[in-house]
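Here is what each chain is made of, one letter per residue.
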Amino acid sequence: MAQTDMIFAGFGGQGIQAAGKLIAYAGILEDKHVSFLPSYGPEMRGGTSNCHVIVSDEPIGSPILNSAAVVMAMNRPSMDKFESYLEPGGILIYDSSLVNREPARKDIKAFGIPATQIASDMGNLAFANIILLGKLIKETGVVSAGSFESGLRKVLPERKHHLIPDEMKALRIGMDY
Amino acid sequence: MGEKILMKGNEVIAEAALRAGCRHYFGYPITPQTEIAHYFAKKMPQYGGTFIQAESEVAAMNMVYGAASAGARVMTSSSSPGISLKQEAISYAACAELPAVIVNIMRAGPGLGGILAAQSDYFQATKGGGHGDYRMVVLAPSSVQELYELVVEAFNIADRYRTLCMIMGDGMLGQMMEAVEFKDKEDIYQADKSWAVTGTEMKRDHNIITSIYIDPEVLEKHNLKLQEKYRKIAENETRVEAYNCDGADVIVAAYGTVARIIKNVIKTAEKEGIKVGLIRPITLWPFPAAAFEKYAEVPQAFLTVEMSSGQMVEDVRLAVNGKRPVHFLGRMGGMIPTQKEILEKIREILK
Chain C
15 MAQTDMIFAG FGGQGIQAAG KLIAYAGILE DKHVSFLPSY GPEMRGGTSN
65 CHVIVSDEPI GSPILNSAAV VMAMNRPSMD KFESYLEPGG ILIYDSSLVN
115 REPARKDIKA FGIPATQIAS DMGNLAFANI ILLGKLIKET GVVSAGSFES
165 GLRKVLPERK HHLIPDEMKA LRIGMDY
Chain P
671 MGEKILMKGN EVIAEAALRA GCRHYFGYPI TPQTEIAHYF AKKMPQYGGT
721 FIQAESEVAA MNMVYGAASA GARVMTSSSS PGISLKQEAI SYAACAELPA
771 VIVNIMRAGP GLGGILAAQS DYFQATKGGG HGDYRMVVLA PSSVQELYEL
821 VVEAFNIADR YRTLCMIMGD GMLGQMMEAV EFKDKEDIYQ ADKSWAVTGT
871 EMKRDHNIIT SIYIDPEVLE KHNLKLQEKY RKIAENETRV EAYNCDGADV
921 IVAAYGTVAR IIKNVIKTAE KEGIKVGLIR PITLWPFPAA AFEKYAEVPQ
971 AFLTVEMSSG QMVEDVRLAV NGKRPVHFLG RMGGMIPTQK EILEKIREIL
1021 K
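The listed protein sequences correspond, in order, to chains C and P.
So the first sequence is numbered by my numbering: it starts at 15 and just counts up by one.
So the second sequence is numbered by my numbering: it starts at 671 and just counts up by one.
Just chain C, with the same shape it has in the complex (with noise of 0.2 Å):
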């Protein structure tokens, strides 16, 4: 049974809860069962933003997650705090344009990617978690570039609609980074 538990962290507004969304509709698309559970306790009171979300083979169980196989830090409180949340050969992706300190553990595969400097000279901030949606589908596998993409169809209101090439161009950067 294939099940992958994420979690997504970082600021309000950086597209947090949007990435975790984006991941699980395209896990719908694929006929996978997901489950997506935003922070909305008093943490994200103080501008913090987290969201728990699994794809999984089988109906999942518990939506909350104690531990994680995937972590995304979009900022260095986000991985200080979910850093420890990781399983022993899990995976972390982590803006390095944001985050200014090393993994501390070793035992996992460590990802840091300049995402929101990557995104400035693309000309549009909002595209930093989409880089970092890129590297993290490359290395987990979890679901396809092309699901990711209808799934962008499917949430992106119509009028949108017209981003979605760089979108899907700030993915690719984020696949082969």
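If you're looking for bench data, these hints aren't it; they were derived computationally from the structure.
All values derive from a computational prediction rather than experimental measurement.
The reader is advised that the hints may include incorrect statements.
[As the list claims (entries may be wrong)] List of simulated lysine-lysine pairs, BS3-like, C-alpha gap at most 30 Å:
{"no.": "1", "chain 1": "P", "residue 1": "K674", "chain 2": "C", "residue 2": "K174"}
{"no.": "2", "chain 1": "P", "residue 1": "K941", "chain 2": "C", "residue 2": "K120"}
{"no.": "3", "chain 1": "P", "residue 1": "K964", "chain 2": "P", "residue 2": "K899"}
{"no.": "4", "chain 1": "P", "residue 1": "K1010", "chain 2": "C", "residue 2": "K168"}
{"no.": "5", "chain 1": "C", "residue 1": "K168", "chain 2": "P", "residue 2": "K713"}
{"no.": "6", "chain 1": "P", "residue 1": "K1010", "chain 2": "P", "residue 2": "K993"}
{"no.": "7", "chain 1": "C", "residue 1": "K174", "chain 2": "P", "residue 2": "K712"}
{"no.": "8", "chain 1": "C", "residue 1": "K168", "chain 2": "P", "residue 2": "K674"}
Starting from the known structure of chain C, fit chain P onto it as the hints suggest.
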């Protein structure tokens, strides 16, 4: 069936209610269920219905009383402290035999408490949060798909028996997103509502909706009628899921989101050679005592896991009736029991 879409529990509640023919919603915002009101505010006008953000929870529940008296499919929703405020009108509506749906997306108490998930309103919902000898049907879904199905069912049960029906979820279920697949058309129970106060047009006697019966003999008779109705509901509407119970070493009793955690525990325990069963009450009232009676002598012991100090465990003990020990594990304050601590408790029980 349509396509699978990703939706938040709270939004599914409102969508399900609209599909079930609910055209009147009265509520007052409170975390973690406010998205229900958001969704109705946006959608209800498209259905020609009524959305009112009332001045208080007390007012909202009394508006429900009014709309239900006129025969409408109506609902309100809130979270724990707000549900406490509704109790007076709930008792009145129960006495007046008004069909309506009340949603409680529970948060941690007592008092204003916190905004995170809890199950500490079990007593309030199943043992009568308001005064008097009344009951209401309490449905406890554990997934977003089941939330949809049970909200539709709640309206049908409410109309079939002229009763109040509560959906009991917790903050986690309200906030989480899962895939949901809506039916093309809902099965809607068409009730005879000739009792409703809709105007006589001078063609019939007045219908009276009331909760006051000053004459004790008349009031006792009314109470006996209510009790007979509750007996019928218990006979026909009890719902439960028994999972992995045959030959189980330990049977866990849990409802709602906690039951999901137990399903993970079952898989992990299996690897250690421990067989864990799950009895998941889907109706908290009527309580599925028969399922516990059926399996009472199967396991070495029962374990009830709740996000409370131990409320449903009392009903489990009554149902098991001393045939096996009934242990308890609970977390409070918005803390969620972990698989690890539940598994440790099971190992300890089996020692």
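Structure-based check of each hint:
| no. | hint | in the structure |
| --- | --- | --- |
| 1 | P:K674 <-> C:K174 | 22 Å, holds |
| 2 | P:K941 <-> C:K120 | 28 Å, holds |
| 3 | P:K964 <-> P:K899 | 25 Å, holds |
| 4 | P:K1010 <-> C:K168 | 37 Å, violated |
| 5 | C:K168 <-> P:K713 | 20 Å, holds |
| 6 | P:K1010 <-> P:K993 | 27 Å, holds |
| 7 | C:K174 <-> P:K712 | 21 Å, holds |
| 8 | C:K168 <-> P:K674 | 11 Å, holds |
When the structure is compared with the earlier hints, a violation turns up for hint 4 alone.
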